[in-house]
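Protein chains: 2
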Amino acid sequence: MRLSRSFLPTLKENPAEAQIVSHRLMLRAGLIRQTASGIYAWLPAGLKVLRNISQIVREEQDRIGAQEVLMPTLQSADLWKRSGRYDAYGPEMLRIQDRHKRELLYGPTNEEMITDLFGQAVKSYKDLPQMLYHIQWKFRDEVRPRFGVMRGREFLMKDAYSFDLDYDSAVATYRRMLLAYLRTFQRLGVRAVPMRADTGPIGGELSHEFLILAPTGESGVFYDAALEEQDWLDEPVNVGDPKALEVFYKRVTTPYAATDEMHDTAAWDAVPEDRRREGRGVEVGHIFHFGTKYTQSMDVTVSGPEGTPVYPEMGSYGIGVSRLAGAIIEASHDDAGIIWPDAVAPFRAVIINLKVGDETCDAMCEQIYNTNIEAFLYDDRTDRAGAKFADADLMGHPWQIVVGPRSAKEGRVELKRRATGERKEVSVEDALALVLAD
Amino acid sequence: MRLSRSFLPTLKENPAEAQIVSHRLMLRAGLIRQTASGIYAWLPAGLKVLRNISQIVREEQDRIGAQEVLMPTLQSADLWKRSGRYDAYGPEMLRIQDRHKRELLYGPTNEEMITDLFGQAVKSYKDLPQMLYHIQWKFRDEVRPRFGVMRGREFLMKDAYSFDLDYDSAVATYRRMLLAYLRTFQRLGVRAVPMRADTGPIGGELSHEFLILAPTGESGVFYDAALEEQDWLDEPVNVGDPKALEVFYKRVTTPYAATDEMHDTAAWDAVPEDRRREGRGVEVGHIFHFGTKYTQSMDVTVSGPEGTPVYPEMGSYGIGVSRLAGAIIEASHDDAGIIWPDAVAPFRAVIINLKVGDETCDAMCEQIYNTNIEAFLYDDRTDRAGAKFADADLMGHPWQIVVGPRSAKEGRVELKRRATGERKEVSVEDALALVLAD
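Chains as they are written, first to last, in this note's numbering: chain A, 71 to 508; chain B, 71 to 508.
Warning: the hint list may mix true and false statements.
When chains are identical, the list treats them as one kind, so a pair holds in a single copy or across two.
What the hints assert, rightly or not - Pairs of lysine to aspartate or glutamate residues, derived as EDC-like cross-links and limited to a Cα-Cα distance of at most 16 Å, are as follows:
(1) K479 x D132
(2) K313 x D238
(3) K494 x E436
(4) K171 x E212
(5) K479 x E436
(6) K479 x E495
(7) K196 x D450
(8) K425 x D148
(9) K208 x D168
(10) K208 x D304
(11) K82 x D369
(12) K118 x E492
(13) K82 x E495
(14) K479 x D301
(15) K118 x D132
(16) K494 x E484
(17) K118 x D238
(18) K118 x E138
(19) K208 x D369
(20) K196 x D453
(21) K82 x E138
(22) K151 x E173
No lab work stands behind these hints: they were computed from the structure.
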C-alpha cells in the first residue's frame, strides 16, 4: 500500500480517552477508531491484523478437525429460554425487540444455538465426535467499556463447541483443543500460559484459561518457567491417540500455574525459586468441559450404541480475536510504538523513501514495492525523514527498509529490525530475502 | 473434507417453508439452517460459498484501489440524527436500547459512519479521491422475511463509499466501480446486467442496479443482448484514464436495458428483434452517485485547492454477498440440484467411492483426496451408489470423480461434469489435471 494514498491516519498526540498502552497505540497507529462507547471501526491496517490473527486461529482449529460454520449475530430469545439462561443472564446481554415485538438478543456466546443446530443434524453416536467453531462478532453490554478493544462491547471471538459420546472421549477432545491453543498463541508470537480456572457461570468441571503476560493485565499470575520454554510447533503430538494426549496433558498441567484467584501459596513455595515467574496476565482464551448441561436442558440426544438415546458431552472453547490485537501490543511494544510479531503485522516492512522525487530513490523504492505490494507499506510521502521514522516505529512493522540517495546509487539500503533496533546496510536482494523469508 | 466426518446434513425431502428453488436447495444441500425468522446459520459448505464470493468481491474492489475497513454492526443513533435519517428511516431499522438507555441501531447501511470516519481522518483535497469498503453483516427488519437468504433480515453485504473533490472526478470513480462490478459478477460465473435505476431514498442523480436473470426474479427486465456478450475480464480498460472510462461507460450504457419500472416501450421497439432479451431479474448490486448529500448534512469538509472548505462528492456501491449465494443458485440449477460455477463451489469435486472397504477403491480415493484435501469432498460413506450420486448432484460440485472397483484396477475413474452431465473414463492423472485446472 502506498502511504500517500492510504487510509492510515496516525496521531501525533496521545488520545486523552486511552488509559492503557495498547489502546493509545492502536488509536495513534491508525488501526481503529471508536464509533460508539466500546464499539470500534477497524481501519485498513487494523483489519489486516485482525485477519492475520483470525487466519492462524482458523488453521489451528482446522488442524485438529474442527469445522468452521458461521452463526448469526442475532439470536432468538426462545433458544435461551429452552436452556434456562435467558432470565439468568444479567444486563450484559443486549436484549432487542423486533418490529413484531419478538424478543431477540445480540449473541454473547453460542452454546444454545450450536446445540440446537447439532441436534437437528446429528442423530447417531456414529457421527460423533463433532467439533464446530465460528469466528463472529459478539456483544456484551459492559457497564463501563474501556481499554479499547481489550474490553469492548462489540468484539470478535472464535468460539468452538464439541460433542462427544462419553466423558473419556470428551476429555481427549479437551486435550486436543488445549494443544491447538498452545500452538495458536505461539504462532501469534506470544506466550500464553494455561492456568486451571474456575468454571464460573458456564458450569462444568474442567477448565483452563490462557493468559498473556503484560504489565496491564487484569489478573496476577504465578507459574513455573517450564511452561514458557516448550516449543509446541516442533513437538509432534499425535492428536488421534488418547494416550499421547494424556502424556501431553500431564506435561502441561504438572508445573505450577495459577491466577491470584486460584493461587496456592504452599504449592508455590515448592517450586524452585529460580523457576518462579510472577506478573500480570491478560486472558485471551478460555476452554471448558461442561458435560451434558446444555444437551440435557435442551433435550438433545443421539441414539447410542445400544439404540437408547444418549446426551452428548460438550465443551466450549473461546479465543478473543479482537482482544488479542490489543493484548499482543500490551506484550510487545516500547516507548516508540508497537513491535508487531511477524505473523501478525499488517505489513512485513515499510519502505522509507528518504528523498521522494530523487530518480534513484524513487526507482529503487518502486522496484522493491512491486516485488510484493501486499507485503509492503511504501512511505512515499514528501514528509521529512524524522516524521517517517517516527511513524514507522509507531506502526511497528517488523522491518524498515530505508532508501536514501547515497546508498541507493550503490544498490544498497539500510535495513532495520524493529524488535532489536539492529540496523545494517545490505543489498536490495539481501534485504528482500530477509524480509520475505518465511 | 471426508463426508462421513463432516457437518453437511443433506435433506431428502423439500422443506415445507421454502417457496423458491434456491431456498429449497440451500436447505437440502446442507448449506444453511434458519435460526430465527429471516436469520440463518451458515454450515461448513455454505460458509465456503460465502467466503468464495466475498474473496472475489474483495479482489475486484482492491483492484480499483478501494481500501477495506471493517465497521461494526451496531451504530449510535446520534450519527443518524446528524444526517437527519434517524427519524426518516422506517420500521426496517432495528432500533436498540443499551443498558444505559442509549439508542443504538443495527446498521442497515453505513453512509453516516463512513462519512464521520472520513471526516476525522482526511483534511485536504490532496488526499482525495478515497474509496473505502467493508464486507459486514447488516440488518433490515423485513416485515415478511422469505425466500431464504434472498430476503433475509441479517445479511452480508459489501458496501463501498467514495469521496471525490468534484463532480467530474466522482463520475470517473462511479465508472471505475461499474467496471469492477461487471468483472466481479462475471468472475462469479453469472451475468448481471446493469440497468439505470431510480435513486430512491438514498438520493442522487446517477444510479445503476445489477440484475441476474432468474425465473423467480422480483423485477421484469428488458435488455439488448449486446450487454451479455462482452467479456470484461479480457477487456483492458485503463481505470486511471477518465477518457478510457468514458468510452467504456458509453459502451455499457448505450444498449437498451431497463427494469419494468423504468421500461420505455418506444425505445424497446427500436432494438432489433433478434437482440431483445426479456425475463425476470434478481437485484444483486446497486451503485449510486449522490453528491454532497451526506458531507453537507453532516458538515464534513476538506480544505480545497484554494484553501476554502469543500464538501466532497460521494457515491455508495453495494453488493449483496449472502443474497448472491441464493441468486447464483436461482440462475444455475436443474431438477437434480445446484450447479455451482467453478469459482463459487464449496469443493471443486466430490470423490465418490462406490465400494468403501474395497482395497483398490479406498487406496485410489485416498490418493486423489490427499493431492488437495481443500479442493475435494470425499464421499467415504457406506451408503449405496444411488444415494451418493443423488447427493453429489444436489450439492452441485462442478466435477464428480467416480471410483469403482473395475476401473480402479486399471488406474482409471469416471469423471462427470455437473453442468453438462458429460461423463468419460479417464486416468487419475487426467482427472486431477482437469479438476484442478484454473
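Now the hints, each set against the structure:
no.: 1; hint: K479 x D132; in the structure: neither (48 Å within a copy, 33 Å between copies)
no.: 2; hint: K313 x D238; in the structure: within (11 Å within a copy, 70 Å between copies)
no.: 3; hint: K494 x E436; in the structure: neither (21 Å within a copy, 50 Å between copies)
no.: 4; hint: K171 x E212; in the structure: between (25 Å within a copy, 13 Å between copies)
no.: 5; hint: K479 x E436; in the structure: within (15 Å within a copy, 56 Å between copies)
no.: 6; hint: K479 x E495; in the structure: within (13 Å within a copy, 61 Å between copies)
no.: 7; hint: K196 x D450; in the structure: between (60 Å within a copy, 14 Å between copies)
no.: 8; hint: K425 x D148; in the structure: neither (64 Å within a copy, 45 Å between copies)
no.: 9; hint: K208 x D168; in the structure: between (18 Å within a copy, 14 Å between copies)
no.: 10; hint: K208 x D304; in the structure: neither (34 Å within a copy, 42 Å between copies)
no.: 11; hint: K82 x D369; in the structure: neither (57 Å within a copy, 25 Å between copies)
no.: 12; hint: K118 x E492; in the structure: neither (26 Å within a copy, 43 Å between copies)
no.: 13; hint: K82 x E495; in the structure: neither (29 Å within a copy, 67 Å between copies)
no.: 14; hint: K479 x D301; in the structure: neither (43 Å within a copy, 45 Å between copies)
no.: 15; hint: K118 x D132; in the structure: between (21 Å within a copy, 13 Å between copies)
no.: 16; hint: K494 x E484; in the structure: within (6 Å within a copy, 59 Å between copies)
no.: 17; hint: K118 x D238; in the structure: neither (40 Å within a copy, 32 Å between copies)
no.: 18; hint: K118 x E138; in the structure: between (20 Å within a copy, 9 Å between copies)
no.: 19; hint: K208 x D369; in the structure: neither (25 Å within a copy, 32 Å between copies)
no.: 20; hint: K196 x D453; in the structure: between (65 Å within a copy, 14 Å between copies)
no.: 21; hint: K82 x E138; in the structure: neither (41 Å within a copy, 24 Å between copies)
no.: 22; hint: K151 x E173; in the structure: within (11 Å within a copy, 26 Å between copies)
Hints 1, 3, 8, 10, 11, 12, 13, 14, 17, 19 and 21 from the list above are not met by this structure, while the remaining hints are.
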